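Asks: In order, the protein sequence lines correspond to chains D and P. Sequential numbering from 1 applies to the first sequence in my numbering. Sequential numbering from 1 applies to the second sequence in my numbering.
Any given hint could turn out to be false.
What the hints assert, rightly or not - Computed far set for chain D versus chain P, every beta-carbon distance over 10 Å:
(1) 58
(2) 105
(3) 127
(4) 205
(5) 284
To be verified - The list that follows gives simulated cross-link-like pairs (lysine-lysine, BS3-like), each with its CA atoms no further than 25 Å apart:
(6) P:294 x D:294
(7) D:196 x P:294
(8) D:76 x D:107
(9) P:107 x P:139
(10) P:196 x D:294
(11) P:86 x P:63
(12) P:139 x P:41
(13) P:86 x P:41
(14) D:107 x D:86
Hints in this document: simulated from the structure, not taken from any laboratory. Computed from a predicted model, the values in this text were never measured in an experiment. Glycine residues also receive a C-beta, built at the ideal position from the N, C-alpha and C atoms.
Letter by letter, the chains look like this.
2 protein chains.
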Amino acid sequence: MAILVVGSVAFDSLETPSGKRERVLGGAATHFALAASFFTKVRVVGVVGEDFLPEHEAVLTSKGIDTTGIEHVAGKSFHWTGSYVKDLNSAETLATDLNVFAEFQPKIPASYLDSEYLFLANIDPVLQLKVRQEMANAKLVAGDTMNYWIAAHRENLLKVLDELDVLLINDGEAKMLSGVDNGLRAAEGVIALGPKAVVVKHGEYGATMYGGGQAFRAPARPLGEVVDPTGAGDSFAGGFYGYIASQGTLTPETFRTAMFYGSVMGSLACERFGTERLQVTTREEIEERFQHLKTISHL
Amino acid sequence: MAILVVGSVAFDSLETPSGKRERVLGGAATHFALAASFFTKVRVVGVVGEDFLPEHEAVLTSKGIDTTGIEHVAGKSFHWTGSYVKDLNSAETLATDLNVFAEFQPKIPASYLDSEYLFLANIDPVLQLKVRQEMANAKLVAGDTMNYWIAAHRENLLKVLDELDVLLINDGEAKMLSGVDNGLRAAEGVIALGPKAVVVKHGEYGATMYGGGQAFRAPARPLGEVVDPTGAGDSFAGGFYGYIASQGTLTPETFRTAMFYGSVMGSLACERFGTERLQVTTREEIEERFQHLKTISHL
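Here chain D stands alone, though its shape is the one from the complex (with noise of 0.2 Å):
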């Protein structure tokens, strides 16, 4: 079943305690739609400068992702500049230059009317409004925000979580957005604001999914280095959502198994900069990992 997502496609100039990458592919729907690729097919909508070349769209069409809604437009790509220097678990944003981003109007081509599975990744939730009211069909719809959108657009992201199925979010926007500081009842109080389920990821110690009054925890793998952790959050909805949508039945056991895909597609996006490790990556290294998971988790 074919996922439709939305977000930006970019180019990020990146500093870890491992090394520096300029101007790398990234964005939050290049690193979801990438991760999503190994399950399902996916269609990405976002919009590109002059600088996005032939050989950076490639990158998605190897993977059988449909680029046809990536709009090119005169100008640069949206570019973010940022370091995890000083925190591994936390980008400083050193320059955000939205470029054609800033005037980003997604467009949904005929041919993706049809998707059945909508991920609203992280942008102005006046877009992922517009969008999700566009694919009023979709089977199920899933998104992602950020800090920024909680603290300054409140009213307008309340009116997407009312829309969604579930909400992918970090532990600190979870209690932000709740304005509760315990996990359990910042969870709860997400899921009171609309959505029907709520997956707050915990970075190097997993992610938790809460819905329909039961909880389930999946454990990430133990990760000697992260060379960088920009996408892992996105790479974690890909896995997910990319795998939920390959399975066609919503039963709870397609979501708990969606969250150790998920969890197994972040750890993956930590090991090399940017996309450069979904890039090579196999099926059978996924399936390898799931596995270890278990391993590491089951009695």
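Since chain D is already given, all that's left is putting chain P on it; use the hints.
Replies: For chain P alone, coordinates are given in the frame of chain D:
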């Protein structure tokens, strides 16, 4: 199989976001012994003052805990005053009155000498080593420590680590002890210092056991309110080690199951002040929580 635990038996004055308590029964050996008592025979070595009344001893003896090795001396018991009002994850010490604990010299009753399982709770590593040497025939030796001993008594602590089968510490202590910031590398660094295995506790995110080149992660129960985290780590250790001692066989499966029982006992300890929750816990509740942990973590 009997466990001998040596450590503090104390009174705690506590303030948390949920309220205050003055001079409630506490101490690492107390929390550990109560938690372990649900699984196996426990013998305590410690020291108390004249303020430790029969009613306090009865909290232990009513659970079948052997208190022969709790020495009663003139003066006051160890008294710790702490606050979690600013941060539930980090105790702020307001006062440490060592009192009779300042001169503590562990004396092991003859009736304890056949204990096969030794637990060295968080005390001066010089005393931990002394007890370990007196219990040379112990089948398994586990222990705890804290930032104070890591920072100021490293040489003494290293001699203890060399004697341990299992060290239980938290994330911050593992990083401090190894000098490494990455969780997996920190655990490997700790194991290189002596212990065959290390259990690293992650608070609300559970715990990870490392050893023999393997990792195993146990989830924490999501708690809607942490009333008082004092003794949660000691209670985890008590559940973990108590289960191991109850089994007799030191298989990987025993250790993995023990991680889940540790998590269960840690979660219980947080639900009321001091030892209040473990005093009213039933074995049935423990089994229910054990099954619940499997439900929220197993595919």
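Asks: Are the hints correct? Go through all of them and say.
Replies: These are the hints, each one checked on the structure:
With a closest Cβ-Cβ approach of about 34 Å to chain P, residue 58 of chain D is found to remain outside the 10 Å limit, as its non-interface label requires. Consistency note on residue 105 of chain D: stated as away from chain P, and its beta-carbon is indeed over 10 Å from all of that chain's, at 40 Å minimum. Against the 10 Å criterion, residue 127 of chain D stays outside the reach of chain P, whose nearest CB is about 33 Å from its own CB. The Cβ of residue 205 of chain D does not lie farther than 10 Å from every Cβ of chain P; its closest approach is about 4 Å, which violates its non-interface assignment.
Every Cβ of chain P is farther than 10 Å from the Cβ of residue 284 of chain D; the closest lies at roughly 19 Å, confirming the non-interface assignment. For the proposed pair residue 294 of chain P and residue 294 of chain D, the alpha carbon gap of about 12 Å is at most 25 Å, so the pair holds. With a CA separation close to 23 Å, the supplied pair residue 196 of chain D and residue 294 of chain P stays within the 25 Å bound. With a C-alpha separation of about 19 Å, the suggested pair residue 76 of chain D and residue 107 of chain D falls inside the 25 Å cut-off, and the hint holds.
Of the supplied pair hints, the one linking residue 107 of chain P and residue 139 of chain P holds, its CA atoms being roughly 20 Å apart against a limit of 25 Å. A C-alpha spacing of about 23 Å is found between residue 196 of chain P and residue 294 of chain D, which places the hinted pair at or below 25 Å, so the restraint holds. Using a Cα cut-off of 25 Å, the hinted pair residue 86 of chain P and residue 63 of chain P is violated, with the two alpha carbons roughly 34 Å apart. Simply put, residue 139 of chain P and residue 41 of chain P have alpha-carbon atoms about 15 Å apart, close enough for the 25 Å limit, and the pair holds.
Pair hint residue 86 of chain P plus residue 41 of chain P does not hold up; C-alpha atoms about 38 Å apart against a cutoff of 25 Å. Note on residue 107 of chain D and residue 86 of chain D: the hinted pairing is violated, with a Cα-Cα distance of about 39 Å set against a maximum of 25 Å.
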